[in-house]
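Novice: Please build the complex by placing chain B on the supplied structure of chain A, with the hints as guidance.
Which chain is which? The protein sequence lines are A and B, in order.
Following the working numbering, the numbering of the first sequence begins with 38 at its first residue and continues without gaps.
Following the working numbering, the numbering of the second sequence begins with 12 at its first residue and continues without gaps.
Since the hints were made in silico from the structure, they are not lab data.
Warning: the hint list may mix true and false statements.
Claimed, not checked - To give an idea of the interface, some chain B residues facing chain A are shown, with a C-beta separation under 7 Å as derived from the structure:
1) G53
2) Y75
3) L89
4) L110
Just so you know, these numbers come straight off a predicted model, no measurement behind them.
Each residue gets a CB set at the ideal place from its N, CA and C atoms; glycine is no exception.
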Amino acid sequence: QQPVQSPQAVILREGEDAVINCSSSKALYSVHWYRQKHGEAPVFLMILLKGGEQKGHEKISASFNEKKQQSSLYLTASQLSYSGTYFCGTPGGVASGTYKYIFGTGTRLKVLA
Amino acid sequence: NAGVTQTPKFQVLKTGQSMTLQCAQDMNHNSMYWYRQDPGMGLRLIYYSASEGTTDKGEVPNGYNVSRLNKREFSLRLESAAPSQTSVYFCASRAGTYLYNEQFFGPGTRLTVL
Chain A
38 QQPVQSPQAV ILREGEDAVI NCSSSKALYS VHWYRQKHGE APVFLMILLK
88 GGEQKGHEKI SASFNEKKQQ SSLYLTASQL SYSGTYFCGT PGGVASGTYK
138 YIFGTGTRLK VLA
Chain B
12 NAGVTQTPKF QVLKTGQSMT LQCAQDMNHN SMYWYRQDPG MGLRLIYYSA
62 SEGTTDKGEV PNGYNVSRLN KREFSLRLES AAPSQTSVYF CASRAGTYLY
112 NEQFFGPGTR LTVL
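In isolation and in its complexed conformation, chain A is listed as follows (with noise of 0.2 Å):
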């Protein structure tokens, strides 16, 4: 089952913040945020991993919950570029007994002028 995000969409105005959520059935041990341009393929902003570890490069911050088994992305004073769809990414692993990596259901977000 995929991950749901919340909310499903959402408009700003530049400056503005916005969190995301993302929330799992399953055990989460990792989640990597991705961002979408529209005609566009995916690309990777950040990875969480347990322990609050966090990899990433743009100014953009994130949360993980491994026993609530969510992660939340938080966009702080957004510029017209954050527009896009946001979608977590859950890799498998050892531990979960599979190597499938799933992504979340999206999350379409506008930044107006």
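Specialist: For chain B alone, kept in the frame of chain A given last:
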């Protein structure tokens, strides 16, 4: 480095026709994946290959077959195309199956089945 490449970019098929979507990566990655994305929808896993020589079903494998030809190439075959297979198909690769290995995507193949 080209990264992940996919051919063709666009394709129109008639119901019942067959075709193979090609994917190649030049990053020496071990793992490769095929996803489909329907309009306004998320990415659904069709098949994956955790390492060269292995392939496994994803969430929506019916109507598809795959071949991991070598470490670089991973193809997806539609044996008898159906209108429900109209979608954008993305190939992706990862260095490995560790939890910190992210996905790198190809540009996608836009397939229409009439």
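Novice: A separate judgement is required for each hint: does it hold in the structure or not?
Specialist: Structure-based check of all given hints:
1. G53: holds, 4 Å
2. Y75: violated, 15 Å
3. L89: violated, 20 Å
4. L110: The hint holds - L110/B has a Cβ within 7 Å of chain A, the shortest such distance being about 4 Å.
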